[in-house]
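Asker: Here is what each chain is made of, one letter per residue.
Protein chains: 2
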Amino acid sequence: MNGLLTDLYELTMAAGYFESGKVAEKATFEFSIRHLPDRRNYAVIAGIPQIVDYLLTLSFTAEEIAYLRALPQFAQVSPAFFDYLHDFRFTGDLFAVPEGTVLFAGEPVLTIRAPVIEAQIPETYLLSAVTFQTLIASKAARCTTAAAGRPVMEFGTRRAHTPEAGTLGARAAYLGGCAGTSNTLAGYRYGIPVMGTAAHSWVMSFPCETDAFRKLQRVLGPSTVHLIDTYDTLEGARRAAALGGPMWGVRLDSGDFDTLSRQVRAILDEAGHTGAKIMASGNLDEYRIRDLVSSGAPIDSFGVGTQLATSGDAPIMGAIYKMVELDISGIKRFTAKYSEDKTSFPGAKQIFRDVARDVVARAGECGKGEALLRPIILGGRLIEPLPGLEQARERAAQSLANLPPALRQLEVTEPWPVIQSRELRALISQTRSNLGA
Amino acid sequence: MNGLLTDLYELTMAAGYFESGKVAEKATFEFSIRHLPDRRNYAVIAGIPQIVDYLLTLSFTAEEIAYLRALPQFAQVSPAFFDYLHDFRFTGDLFAVPEGTVLFAGEPVLTIRAPVIEAQIPETYLLSAVTFQTLIASKAARCTTAAAGRPVMEFGTRRAHTPEAGTLGARAAYLGGCAGTSNTLAGYRYGIPVMGTAAHSWVMSFPCETDAFRKLQRVLGPSTVHLIDTYDTLEGARRAAALGGPMWGVRLDSGDFDTLSRQVRAILDEAGHTGAKIMASGNLDEYRIRDLVSSGAPIDSFGVGTQLATSGDAPIMGAIYKMVELDISGIKRFTAKYSEDKTSFPGAKQIFRDVARDVVARAGECGKGEALLRPIILGGRLIEPLPGLEQARERAAQSLANLPPALRQLEVTEPWPVIQSRELRALISQTRSNLGA
Chain A
56 MNGLLTDLYE
66 LTMAAGYFES
76 GKVAEKATFE
86 FSIRHLPDRR
96 NYAVIAGIPQ
106 IVDYLLTLSF
116 TAEEIAYLRA
126 LPQFAQVSPA
136 FFDYLHDFRF
146 TGDLFAVPEG
156 TVLFAGEPVL
166 TIRAPVIEAQ
176 IPETYLLSAV
186 TFQTLIASKA
196 ARCTTAAAGR
206 PVMEFGTRRA
216 HTPEAGTLGA
226 RAAYLGGCAG
236 TSNTLAGYRY
246 GIPVMGTAAH
256 SWVMSFPCET
266 DAFRKLQRVL
276 GPSTVHLIDT
286 YDTLEGARRA
296 AALGGPMWGV
306 RLDSGDFDTL
316 SRQVRAILDE
326 AGHTGAKIMA
336 SGNLDEYRIR
346 DLVSSGAPID
356 SFGVGTQLAT
366 SGDAPIMGAI
376 YKMVELDISG
386 IKRFTAKYSE
396 DKTSFPGAKQ
406 IFRDVARDVV
416 ARAGECGKGE
426 ALLRPIILGG
436 RLIEPLPGLE
446 QARERAAQSL
456 ANLPPALRQL
466 EVTEPWPVIQ
476 SRELRALISQ
486 TRSNLGA
Chain B
56 MNGLLTDLYE
66 LTMAAGYFES
76 GKVAEKATFE
86 FSIRHLPDRR
96 NYAVIAGIPQ
106 IVDYLLTLSF
116 TAEEIAYLRA
126 LPQFAQVSPA
136 FFDYLHDFRF
146 TGDLFAVPEG
156 TVLFAGEPVL
166 TIRAPVIEAQ
176 IPETYLLSAV
186 TFQTLIASKA
196 ARCTTAAAGR
206 PVMEFGTRRA
216 HTPEAGTLGA
226 RAAYLGGCAG
236 TSNTLAGYRY
246 GIPVMGTAAH
256 SWVMSFPCET
266 DAFRKLQRVL
276 GPSTVHLIDT
286 YDTLEGARRA
296 AALGGPMWGV
306 RLDSGDFDTL
316 SRQVRAILDE
326 AGHTGAKIMA
336 SGNLDEYRIR
346 DLVSSGAPID
356 SFGVGTQLAT
366 SGDAPIMGAI
376 YKMVELDISG
386 IKRFTAKYSE
396 DKTSFPGAKQ
406 IFRDVARDVV
416 ARAGECGKGE
426 ALLRPIILGG
436 RLIEPLPGLE
446 QARERAAQSL
456 ANLPPALRQL
466 EVTEPWPVIQ
476 SRELRALISQ
486 TRSNLGA
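Chains A and B, in that order, are what the protein sequence lines are.
Position in the first sequence (from 1) plus 55 gives the number in the numbering used here.
Position in the second sequence (from 1) plus 55 gives the number in the numbering used here.
Pulled out of the complex, with its shape left as it was, chain A reads as follows:
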């Protein structure tokens, strides 16, 4: 399954490795963060469970192999390669940081060590699955930080890049600190709290707004959130207030939230509904949330959609997946790339997180602090169940809490120190001089 969900060049290289007698060569590939996304001080890593599922089920169907065989690129490839694909399974090792770990530019996220073809094919899927979910988890962490304790709900599936991205994005947003999601499938699949009551169409389907509000209360009881901006927000607030409980509260979805929330609060309070809450949604992001919080707008919770589900201000993360070692019949060769604007560093690595800095070292080095990369799959088998989503969410919260306050702020600041160990630096210059680069 999923064997074809990769760039064709991974498969032409697979044929090339096969035809060049490299099937048994063991390669180590490293997925690392080259640059943080724009306007980000950190990345909250997410998507490890999805790539574990992928690696454990990776295979090719007979129809998929027949498709490849008919492509012009495979015209000269021997039949033995297609037999090889037929029996293909991932038999290698995966080392990764735990889901929810905060990382920085220049750090490895995961390492794959496997026969070279098995390590090569996953590149495309791994990059896409992990960078996307990491972008969303990181954006969610920023929105949650800005909300300063008020719950932030993820509402963005309709703006996500496919409905499936919305569902995985909802998971990542929860991991990054959101209190829940509007995506029902994400609730069902991942056990995330789900929230939602009614849209404008509900109100529009009744001849008058009061009627719509009354009918909603009858169905949803204390879960009721009246959406009050279909026609006129303050009029809507008065109608909701006149009806009274049961209700959770009201939702503002357009207009100037600072002014409207104060006016609506006054309307609710005057009618005696001091316990009714106000939620705001519509064109929110971490900057607007921060401004509303600091102006003291009486908003109890925020719904963030578009900007969160697309990581709108930073939809791209510069991550790479590069070969760092090759083991040819027991002889190890270190590999790297030294072209002008895109460099990669040789050798399998480990990150040691100390109190005030990270040290990127060679794998097997002794270091101070927490060793972040841990074995997940060995010899094609998951060595123990992955931590659950709640545990990953807790790790993200803890990782963020351990950062210096300036790094948790929305503005880009002095980066967390990431240095290379002396042994790693020695390997880099050694490899460089061996390559004559």
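In case anyone wonders, no lab produced these hints; they're calculated from the structure.
One copy or two, either will do: identical chains are not told apart, so a pair holds if it fits within one copy or between any two.
Below 30 Å or equal to it, Euclidean Cα-Cα: the simulated DSSO-like pairs (lysine-lysine) are:
1. Lys387 x Lys397
2. Lys270 x Lys81
3. Lys397 x Lys332
4. Lys387 x Lys270
5. Lys332 x Lys270
6. Lys270 x Lys397
Given the structure is predicted, the values throughout are model-derived calculations rather than measurements.
Since the structure of chain A is already known, use the hints to place chain B on it.
Answerer: Coordinates of chain B only, in the frame set by chain A:
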């Protein structure tokens, strides 16, 4: 299937419509473009086949229904609603513009007419599937325009927001004018030309670059594209030139493409390989392609990844899905939303595309030019097979060719005129005054 892949409020509203005796009320919902994405003069509509599949298979499994039933929001909902979900199918109508049609702000993309619950639930999926693919198809059209006849390949699955988004994005990119994709699954599923040869890891897996190039040629023959920037681009070009054919050519993946392409062209030509081509990839978008084309850089084709697969400069499209009509036992009520910054217009509509403008009219009006919205599903059944991807791609090319040249350029310019018919304007003001808004 897919019943839960929606925002929870669609399902709480469904319960509300059911409990309020509205199951038989027929609603018309309209999906329309509120604003074009940033920096765009048009939108190439894509994703209709995906939403047809969705509507034709939409249902709820017993487990999904049990999950809903246990949510606090459904605590007061009667058992009859869950029986209703068990038998739920889409039995309504879908009208849409043909895949590949170019549209503008203020225009409806599709209309759903169905019992209100059946029309409400699809909102989330429809918006996500169509806006994403439309963003990618539109970006691809811009890249293709900028390349002025040189083929543009889509290379971006690794940067897409999930691997599945990469696959659907590859389809949309092809529809928008790309010559093919690197995504093998997209080739298999949709019959799109696929392309790819080797990455840096291929070169790095051999002790020297020449050896890597030689082995690649042996496997790929005339499909060979040597990636020449692993260590030093010009040295790489010399090594490829020294080997000679068979090869398609070489690929530049970093550095200053304008300078490097001229130097590499000279190296290839001096060695007598005047037929060998040069492809460029890496950090490209429509603006860089335009600059390279206008400077006369000898680049034969472009590979665009990150920016295309994410619509990086415009990852969001302001589309809405709003109730426009409600039919209660044969009495038609028109619905609209008139809050300050988010307005929707009442009534089912049609677009007439005339020589120099579009007229948005009421459905059933007589108009001049091509009527763009056509029936696709009637009474829950597909009325005829959808046009294939090649036909949609042809329609996109034709739609773009019919635009005034200024609108096809990269800069934002005077919009294509979209006006509302007199009848539609009358309905808008009538509805507004009925609502007292």
